[in-house]
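Q: Using the hints provided, position chain W relative to the given structure of chain L.
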Amino acid sequence: MSTIAPVNQPTQPVEPDDGPATTVIKSWKVPVVLGVFTVLGILLLIVFGRSGTSTMALSTSSDLIQLPDVLLPTRETGVVISILLAALTAVSAWMVQTRRKVPVWLIALFGVLLLIGFLVWASADARIPVPGLLFGSLSLAVPLIFGALGGVISERVGVVNVAIEGQLLAGAFTSAVVASVTQQPLLGLLAAMIAGMLVSFVLAAFSIKYFVDQVIVGVVLNVLVTGLTGFLFSQVLAPNAALLNQPPKFERINIPLLSEIPIIGPVFFRQTLIVYIMYIAVAAVYVGIFHTKWGLRLRSVGEHPQAADTVGINVTGTRFWNVSLAGAVAGLGGAYFTLGSVGAFGKEMTAGAGFIALAAVIFGRWDPIRATLAALLFGFASNLQNVLSIIGSPVPSEFMLMLPYLVTIFAVAGLVGQSRGPAASGKPYRKS
Amino acid sequence: MKLELRGITKRFGALVANDDINLTIEEGEIHALLGENGAGKSTLMNVLYGLYRAEEGEILLDDVAQHFAGPGDAMAAGIGMVHQHFMLIPVFTVAENVMLGHEQTTLGGRLDLAAARKRVREISDRFGFSVDPDALVENLPVGVQQRVEIIKALSRDAKVLVFDEPTAVLTPQETDELMNIMRQLKAAGTSIVFITHKLREVREVADRITVIRLGKVVGTAAPTASNEELATLMVGRAVDLTVDKAPATPGAAALVVTGLSVIDPHGQVLVDNVSFDVKVGEILAIAGVQGNGQTELTEALMGLQPRVLGEITLDGTSLCGHSVRQVLDAGVGFVPEDRNRDGLVGGFSIAENLMLDRSNRLPFVKRFTLQLSFLADFARTKVKEFDVRSQGIDTPVGRLSGGNQQKVVLARELSRDLRLFVAAQPTRGLDVGSIEFVHERIVATRDAGTPVIVISTELDEVAALADRIMVMYRGRIIGIVPGDTPRSVLGLMMAGETPAEGVAA
Chain L
1 MSTIAPVNQP TQPVEPDDGP ATTVIKSWKV PVVLGVFTVL GILLLIVFGR SGTSTMALST
61 SSDLIQLPDV LLPTRETGVV ISILLAALTA VSAWMVQTRR KVPVWLIALF GVLLLIGFLV
121 WASADARIPV PGLLFGSLSL AVPLIFGALG GVISERVGVV NVAIEGQLLA GAFTSAVVAS
181 VTQQPLLGLL AAMIAGMLVS FVLAAFSIKY FVDQVIVGVV LNVLVTGLTG FLFSQVLAPN
241 AALLNQPPKF ERINIPLLSE IPIIGPVFFR QTLIVYIMYI AVAAVYVGIF HTKWGLRLRS
301 VGEHPQAADT VGINVTGTRF WNVSLAGAVA GLGGAYFTLG SVGAFGKEMT AGAGFIALAA
361 VIFGRWDPIR ATLAALLFGF ASNLQNVLSI IGSPVPSEFM LMLPYLVTIF AVAGLVGQSR
421 GPAASGKPYR KS
Chain W
1 MKLELRGITK RFGALVANDD INLTIEEGEI HALLGENGAG KSTLMNVLYG LYRAEEGEIL
61 LDDVAQHFAG PGDAMAAGIG MVHQHFMLIP VFTVAENVML GHEQTTLGGR LDLAAARKRV
121 REISDRFGFS VDPDALVENL PVGVQQRVEI IKALSRDAKV LVFDEPTAVL TPQETDELMN
181 IMRQLKAAGT SIVFITHKLR EVREVADRIT VIRLGKVVGT AAPTASNEEL ATLMVGRAVD
241 LTVDKAPATP GAAALVVTGL SVIDPHGQVL VDNVSFDVKV GEILAIAGVQ GNGQTELTEA
301 LMGLQPRVLG EITLDGTSLC GHSVRQVLDA GVGFVPEDRN RDGLVGGFSI AENLMLDRSN
361 RLPFVKRFTL QLSFLADFAR TKVKEFDVRS QGIDTPVGRL SGGNQQKVVL ARELSRDLRL
421 FVAAQPTRGL DVGSIEFVHE RIVATRDAGT PVIVISTELD EVAALADRIM VMYRGRIIGI
481 VPGDTPRSVL GLMMAGETPA EGVAA
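Chains as they are written, first to last, in this note's numbering: chain L, 1 to 432; chain W, 1 to 505.
By construction, these hints were calculated from the structure, which means they are not laboratory data.
Be careful, since some hints might not be right.
What the hints assert, rightly or not - So, partial list: chain W residues that the calculated Cβ filter (under 8 Å) puts toward chain L:
| # | residue |
| --- | --- |
| 1 | P71 |
| 2 | G72 |
| 3 | M75 |
| 4 | A77 |
| 5 | H83 |
| 6 | I89 |
| 7 | E96 |
| 8 | L100 |
| 9 | G101 |
| 10 | L107 |
| 11 | G109 |
| 12 | L111 |
| 13 | H322 |
| 14 | E337 |
| 15 | L375 |
To be verified - BS3-like, lysine-lysine: derived pairs with alpha carbons at most 27 Å apart:
| # | chain 1 | residue 1 | chain 2 | residue 2 |
| --- | --- | --- | --- | --- |
| 16 | W | K118 | W | K159 |
| 17 | W | K245 | W | K384 |
| 18 | L | K293 | W | K186 |
| 19 | W | K384 | W | K366 |
| 20 | W | K245 | W | K2 |
| 21 | L | K293 | W | K118 |
| 22 | W | K159 | W | K2 |
| 23 | W | K245 | W | K216 |
| 24 | W | K216 | L | K431 |
For glycine and all other residues, C-beta sits at the position ideal for the given N, C-alpha and C.
Okay, chain L solo, but in the shape it has when bound (with noise of 0.2 Å):
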């Protein structure tokens, strides 16, 4: 060692010497849940499989260019599929006994082939409509995409937002409302906004400024504004329908070119404003989260308050309008269904897409594109079910309705695992 200037030895390379070494621990978790999985298709496949022929239709009448339509015999398809199930569960327990990590992309593989396996077994002497499949799963999925977003902002800057179901349902109710009596779209839109971030400013005030758990402050203002709403919808709206509950729907747009893209182009192009909005929102949000001043800002807040202070943050002002702004997107999300979709403001009509929104968020590891794409995989879900039941499947409509749900408690509790979210979120600030 030399006595002078010890300074500039370079401190920072001190990484791995012989240091303290990693082990895999052998975690059998995912062979075994493949392995019963692989049991199950097994069982379905072939055990309960079923003759005949099985079409996917990958065009719709109105494209320009035709694909023709994918004919598998539904049998052998089982049969194949179910053998590259047991060969994929054979692959991960091999590395798990060798002590290597199993990859997620095996994990995805596993699951589409399950997810064609089920297809071609339901869909025996039938036709599946694959565009019209994917068209639902996205407009399924754009409420839950609008609130996963105010989800990811409100959570990367430290407050959980459990509201995303109430300021969902209060964007419907008052783009309902607004867009009926001024017959325009956009107002309707606007007053959305506004409505999420009115239910914002509630959840903002009560855990920011009074420290109240959030959490309970979300979960209360879920009921307060269900209630809310169900009391105005049946004593006003339901009785003054044709003033205050016929919005004027948003017509779809078809974009030149990009929507003529053979199944891609119905699927995505020929949405309705609020939707292209949405991709718009999805690209927004990361980039700002990611690579402005605004989401370094935000996420510094969201993770280490005191440290934001300590640099001239306003950590209490940038909590607040961020959880406002928020609300105005998930807002935009409660829109759809009455702008977009339905048509009209019926009684809690969003029926628990907050609560699967936030679902999204967390399996989406609190990143607006995972969030997006974790959201289109359970709108897909519920549109399967749908699609399903239209096709004649012999599996009972109450067990299909039930699968949505159960892809999302799979989807957070089993495939999640260890992710880590913001540090402060949930935690409030309190300056001393």
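A: Below, chain W alone, put in the same frame as chain L:
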């Protein structure tokens, strides 16, 4: 820049944390602020930094009165702070942490990370820090994190830099390096306020010393003052800095640990194949910088760690794979390193805390009911014996000072028949008087024939108590050396270098 504090008074309710404090820091001076834990040093600096608003007094920079509404104003005026608990966001990179709060953006509002990286490299090169601007802060060693804090302050052109207990988390080598950095900064004209309670550091680097006790300035001293003089000023009475301790008379090995490993849920090996023993009537001190496996080792001994390999035996019977209850019943006493989190229930009274680990049997519980009168008698005796200063045995421990809280923990653990006593960071955050008391009790426990393990990151404490010293680094034992091993050797061992004279038993 010259900094002057005039008549600063800060109250928290009835408590006066700062009482009419006057302090002047000249340009290019290292001014040490010396005082015990709770003397009001950090409060004063938080007032200076705009985090707290003082009730009275004013702050002057170059003779101009300042009014800080928040840290932003203080920074704009040229005051920077290196906090005791780093104010860094663990999941951000170095560059992001440095730019936070005064971000530059490119066209279109995107963060200008390139500019921030350049700024980090510039400052880093100027002081020879070699900090990678793209490293995630949570992956950096604490010493480097501290440099990030310094870069952060300097990137805002700080003229006055406050270091709040900067050496608490550093190895002796890193401490020396920090002293050099301070001297470099001083040479560049920065005024430095150095807050600490460690006398040696003050005398080494400070130009002037101001001593604070109970919120008041009680005197100033030159760096030539002796340790005893400074300690007397700081505590308010003459203190004995050494522990009276007869040579150990070790007997047979009581605790034998062989091949112990602790693995965390992510597969990280936190304690790596550790073997040692502790004999009857000796104190084994486990030294090392915080976070090198000491915490996990003690938790493994207590049965608090779920993934443990290897063997632990106490007086011939195995402790491995047993519940905490069984380990306690085997006669292990334990002082956890964070008394507020693991040692006490803050809302419970002193008496209730004294019986926490014996709530399952006689004499405290009889036929499912608490024996309250027995408990009250027991608590009164212990409070007297361990000199716990409070308003009575029904006082919630949360309201006691750190020293008195630690005495409650000690009283509880030492009032059982012990076959092993484990004390983790037993004097962390205590005042000098309480430290003396705790050290005496630990030595007395050893003299009564109990094997004792003391885990400490403070070399002073290790040197004062240990009969043998075991140094841990990255989960491994670097060496087990005699209690009188020189500090410099221990310092090197704590940084991971195996001692030249080999491993003594």
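Q: State for each hint whether it applies.
A: A quick look at each hint next to the structure:
Restraint check, P71 of chain W versus chain L: the minimum CB separation of about 5 Å is within 8 Å; hint holds. Here the hint on G72 of chain W is kept, as its CB sits about 3 Å from the closest CB of chain L, short of 8 Å. A cut of 8 Å between beta carbons decides the hint on M75 of chain W: the least distance to chain L is about 6 Å, and the hint holds. Checking A77 of chain W against chain L by beta carbon gives a least distance of about 12 Å; that is not within 8 Å, so the hint is violated.
The interface hint given for H83 of chain W is met, as the beta carbon of that residue sits about 7 Å from the closest beta carbon of chain L, less than 8 Å. Hint status for I89 of chain W relative to chain L: holds, with the closest Cβ pair at about 5 Å, below 8 Å. A least Cβ separation of about 6 Å between E96 of chain W and chain L falls short of the 8 Å threshold, and the interface hint therefore holds. Interface restraint check for L100 of chain W: the shortest CB-CB distance to chain L comes to about 5 Å, inside 8 Å, so the restraint holds.
The beta carbon of G101 of chain W is positioned within 8 Å of a beta carbon in chain L (closest approach about 3 Å), and the interface hint is therefore held. Hint status for L107 of chain W: violated, given a least beta-carbon distance of 12 Å to chain L, over 8 Å. About 5 Å separates the beta-carbon of G109 of chain W from the nearest beta-carbon of chain L, less than 8 Å, and the hint is met. Residue-level restraint check for L111 of chain W holds (minimum Cβ-Cβ distance to chain L is 6 Å; threshold 8 Å).
Interface restraint check for H322 of chain W: the shortest CB-CB distance to chain L comes to about 22 Å, outside 8 Å, so the restraint is violated. About 20 Å separates the beta-carbon of E337 of chain W from the nearest beta-carbon of chain L, more than 8 Å, and the hint is not met. This hint is violated: L375 of chain W has a C-beta 34 Å from the nearest C-beta of chain L, more than the 8 Å allowed. Distance hint between K118 of chain W and K159 of chain W is fulfilled; the C-alpha atoms sit about 21 Å from each other, no more than 27 Å.
Among the hinted pairs, K245 of chain W with K384 of chain W is consistent with the structure: their alpha-carbon atoms are about 24 Å apart, no more than 27 Å. At roughly 33 Å between alpha-carbon atoms, K293 of chain L and K186 of chain W are farther apart than 27 Å, so this suggested pair is violated. Under the criterion of a C-alpha separation no larger than 27 Å, the hint pairing K384 of chain W with K366 of chain W is consistent with the structure, at around 25 Å. At roughly 47 Å between alpha-carbon atoms, K245 of chain W and K2 of chain W are farther apart than 27 Å, so this suggested pair is violated.
Of the pairs offered as hints, the one joining K293 of chain L and K118 of chain W holds, with about 18 Å between alpha carbons and a cut-off of 27 Å not exceeded. Our distance criterion of 27 Å between C-alpha atoms is met by K159 of chain W and K2 of chain W, whose separation comes to about 9 Å. In summary, the hint linking K245 of chain W to K216 of chain W is not supported, as the alpha carbons are separated by about 35 Å, beyond the 27 Å threshold. Straight-line distance between C-alpha atoms of K216 of chain W and K431 of chain L comes to about 24 Å, which keeps the hinted pair within the 27 Å bound.
Of the hints listed earlier, those the structure fails to meet are numbers 4, 10, 13, 14, 15, 18, 20 and 23, in rising order.
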